[in-house]
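Chemist: Going by my numbering, the sequence shown opens with residue -11, and the numbers climb by one from there.
Rather than coming from a laboratory, the hints here were simulated on the basis of the structure.
Some clues are possibly wrong.
Stated by the list, open to error - Below are the DMTMM-like pairs computed for lysine to aspartate or glutamate, each with C-alpha atoms no more than 20 Å apart in a straight line:
hint, residue 1, residue 2
1, 53, 79
2, 71, 97
3, 53, 4
4, 53, 80
5, 53, 63
6, 60, 97
7, 72, 97
8, 60, 93
9, 71, 18
10, 72, 35
11, 60, 27
12, 53, 97
13, 60, 37
14, 72, 26
15, 71, 12
16, 60, 46
17, 72, 37
18, 71, 48
19, 71, 4
20, 72, 30
21, 72, 7
22, 53, 27
23, 72, -5
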Amino acid sequence: MTYIVNDNCIACKYTDCVEVCPVDCFYEGENMLVIHPDECIDCGVCEPECPADAIRPDTEPEMEKWVEFNRKYSELWPVIVTKKDPLPNADEMDGKPGKMDLFSEAPGEGG
């Protein structure tokens, strides 16, 4: 099992999760985070930290696409280990449908 970040993170990018991760397996894109599925140790401490409920176990239905999505971008984006401010409209964007249309492949700053 591993944990994944889904599209609920897009345009929010809360980073509360990165501070509790014991193995630093979060990677930062311009407008979301992902988890490297091979680095995640399945501890689950990040899941309750996400205000947008964007972190889910891969054992839930239809999560395989998110495992591959997280794998792809974790290999392209820089690691993030320090909590940062969420995106400016995070509270407004939390829970909005259709957020994949807003997804950016650009990397974040990491750090």
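Chemist: Each hint should be assessed against the structure and marked as holding or not.
Modeler: Hints, verified against the model:
no.	hint	result
1	53 <-> 79	violated (26 Å)
2	71 <-> 97	holds (12 Å)
3	53 <-> 4	violated (24 Å)
4	53 <-> 80	violated (26 Å)
5	53 <-> 63	holds (16 Å)
6	60 <-> 97	holds (17 Å)
7	72 <-> 97	holds (11 Å)
8	60 <-> 93	holds (10 Å)
9	71 <-> 18	holds (15 Å)
10	72 <-> 35	holds (17 Å)
11	60 <-> 27	holds (13 Å)
12	53 <-> 97	violated (25 Å)
13	60 <-> 37	violated (23 Å)
14	72 <-> 26	violated (24 Å)
15	71 <-> 12	holds (12 Å)
16	60 <-> 46	holds (15 Å)
17	72 <-> 37	holds (14 Å)
18	71 <-> 48	violated (27 Å)
19	71 <-> 4	holds (6 Å)
20	72 <-> 30	violated (23 Å)
21	72 <-> 7	holds (10 Å)
22	53 <-> 27	holds (18 Å)
23	72 <-> -5	holds (19 Å)
Hints 1, 3, 4, 12, 13, 14, 18 and 20 from the list above are not met by this structure, while the remaining hints are.
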